[in-house]
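The hints should help you fit chains B and C onto chain A, whose structure is shown.
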Amino acid sequence: MGCQAMTLPLALWAARNRHAIIFGVCFLGAWELLARNGLKPTVFPPPSSVLASLYLRGDLIAHHAWLTFYQTIVGFLISALAGVLIGWAIGKSRRLHEAMYPFIGVLQVLPKEAFAPLLVLWFGAGLLSRITLVFLISFFPIVINTMIGIQGIDENVRRYADTLSCRGWKMFFSIEMPSALPAIFTGLKISVTLAVAGALVAEIIAGRDGLGYLLLFASSRLDMSFSLGLLLLVAIWGALLFVAIELGERWALFWR
Amino acid sequence: MSSVRQLFRAVLIPSTPFIGLIGVWQAAVVINNISPVLLPGPIGVLNAAIANADDLLTATWSTLSDILLATAIAVIVGYVTAITLSLLPLLRRSIFPYMLMTQVVPKVALAPLLFAWFGIGLQSRLLLAFLIAYFPMVINTLDALLTTDRAMVVYTRSLAASDWQTLLMVRLPAALPATMAGIKISTSLAIVGIVVGEFVATNNGLGKIVVESTALMQTSQMIAATLAIGLIGVVLLGAVDLIERRLIRWGAKR
Amino acid sequence: MSAHADLVAGKSSPSLVQGVPTDLIIKGVSKTYQVDADVIESVRDISLSIGQGEFVSILGPSGCGKSTLLMMIAGLVAPTAGALLLDGNPITRPRRQTSLLFQTPVLFPWRTVLSNVLFPVEVFKLDKEKYLIKALRLLKMAGLAEFQDRLPRHLSGGMVQRVPLCRALITDPEVLLMDEPFSALDALNRDDMNVQLAKIWEEVRKTVVFVTHSIREAVFLSERVVVLSRRPATVMLDVRIDLPRPRTLEIQETPEFNSYCAQLRASLKH
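Chain order of the listed sequences is A, B and C.
Sequential numbering from 1 applies to the first sequence in the working numbering.
Sequential numbering from 257 applies to the second sequence in the working numbering.
Sequential numbering from 511 applies to the third sequence in the working numbering.
What the hints contain is simulated information worked out from the structure, not anything from laboratory work.
There could be a bad hint or two in this list.
Unchecked claim - Heads up, simulated EDC-like pairs for lysine to aspartate or glutamate below, C-alpha to C-alpha not over 20 Å straight-line:
| no. | chain 1 | residue 1 | chain 2 | residue 2 |
| --- | --- | --- | --- | --- |
| 1 | C | 638 | C | 682 |
| 2 | C | 709 | C | 752 |
| 3 | C | 709 | C | 733 |
| 4 | A | 189 | B | 399 |
| 5 | C | 635 | B | 419 |
| 6 | C | 650 | C | 639 |
Since we're looking at a predicted model, the values are computed, not measured.
Chain A on its own, in the form it takes in the complex:
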């Protein structure tokens, strides 16, 4: 019964996106055929061997993947919390905005990945330096978007809240947060994508463990199947996180 309910929307989706689906299938098929028969399998492995390589190294991947996932999520969550709070503060207070906004603007524009070697120097090649980099990279979009969200609250809504003597925590939870949520979620979506990239950059530079390290390991041995497999894994991981935020947004903004 659940299956039947699913097939109609699925069929509609497939029909609407038929060009992309056909293209994708043809592409994968052609790749598989060419790789098996023509192109050098060491440079361009067929999709089947890419998947096989992942399956074969399951345990190895699991250990490193877990580290990457952990860093990404911890760094992201901390930056989300800090980002929303600080963004709220800067959005609310004129003085704070005047003082801090140019500073934040400059920091936002700095390529934070450039600080990866520095962080590794200070905090070692372990989790701390990498979580810090993830934090630094994902922090700014959240702060800025939260600030925009808070500032964008309709003046009339504020006045109405004032007439109800709504202040402090109540104001925060029942008015400011809900109004700013759409902008906050935009910031979260941007950040989560950056966080995934940040974790990998940190691992590549730290070169000790994690999926980034595995990538270094695989490419140094010119093991293309494994490299592509890892990239696929990373891609799926990035997509999952993005979808998670997207679902969170739909749940939180159910009134849309």
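Here is chains B and C on its own, set in the frame of chain A:
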């Protein structure tokens, strides 16, 4: 409020966090007696920078020019791609969904792979930066080209204008704000690509200096190079922002 | 009447109807849309003939299909049945002879006022130099001479709506099609624009098809008002407005004006 006070306010208050940061930095180093190998004070960094001015400047120029080249290629190819896809709906429906999907994939992860395939030279760095910076440019521009104000398009069609005329005279100018936003994003991503490329391949530019000085425990030099990279970022993006403001004086909707 | 009937039946040549050279002929035109699973009949069997230099208002309730009719005359939408003829030639696609004005002033924000007015000249690949003088003259007539080098965003609401009018006139079209061009304006600006339009029309005497849902506006501006029914639109009433020209705002107080309004209002009630 007198103009002197206004200037005071406009410059001094925003500078406070920066000055504060440097002050705290210097104080922390002195008070805790931190080893200069771990964290040299701002003065130590400045001295190292001056001492190695030649190397730093050459490296800065090298990194900067690589970034500019990568940005230019990504922007131009991206712009042309967006125009092409806007004119060819079949091609667009086949490939564009995949382009959107690449957005959640961190293309920096391609760095080790690219260097393994194509060697550690400029071509790999450029390719990495290009791959990272290209897609947002296409997506931003194409989205704007496809969602041009309907009324404007209908009006232009009512003049029996050709598709080409509509593209050149209406869609492209209307898409300029989104194009500039795309250029901003592409620039910052190209910076990431080149810099990470230099860290991994360590044969050129400021990235090389950073990695080498870390190995040689020359922390002042390392911080100086890192700050130089940061400076490139700030200056480049500031420049793009200025260009955007001068080009788009017609107060477009954002 | 019979000449008209002959014309609609396709029997006589389309150049004269009741002694008036005819610009625009609409023959049994219908339009049906398919939206998802629904079939929406927008216009049903409308036949009209509009003479050269006539100012005709199309009056009807909101959503009745009058805009669709205008779009068909402009050549942007094809009829599902029937035909539209301009000067005897069927209208199958947008033509230079017809100029369209929208509800909102569709101006390009990146172009100056003058540049906006010259836009059709560029599209038609005509000599800009020649049309520059004409553009300036039109802007002067509309009271926009000092704003020629400003960007649209610097103009107030009332002023902005005058630019598309100049732009529509610059290439000397045969027919001006106006789709509720003043409905977004406040009452004062709307009255002002009506007076301006009447003045300009009295000078250039183009054929105008003016869609509106304001009875007073229709009576004030036109020589003839055609009332359309609720969707699907059909012709309910076709009234000649015999008020003196030049039309001034005071005419709106006269009993003749109000009796026309009453007549139209009654017909709209059905």
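Each hint tested on the structure:
Distance check on the hinted pair: residue 638/C and residue 682/C sit about 14 Å apart at the alpha-carbon level, within 20 Å; holds. For the proposed pair residue 709/C and residue 752/C, the alpha carbon gap of about 17 Å is at most 20 Å, so the pair holds. Restraint check: the Cα-Cα separation between residue 709/C and residue 733/C comes to about 14 Å, which is no more than 20 Å; the hinted pair holds. Distance restraint check for residue 189/A and residue 399/B: the Cα-Cα separation of roughly 18 Å lies within the 20 Å cut-off, and the hinted pair is therefore satisfied.
For the hint linking residue 635/C to residue 419/B, the alpha-carbon distance of about 15 Å falls within 20 Å, and the restraint holds. Between residue 650/C and residue 639/C the CA atoms are separated by roughly 17 Å; this keeps the pair inside 20 Å, and the hint holds.
Every hint, counting from the list given before, is met by this structure.
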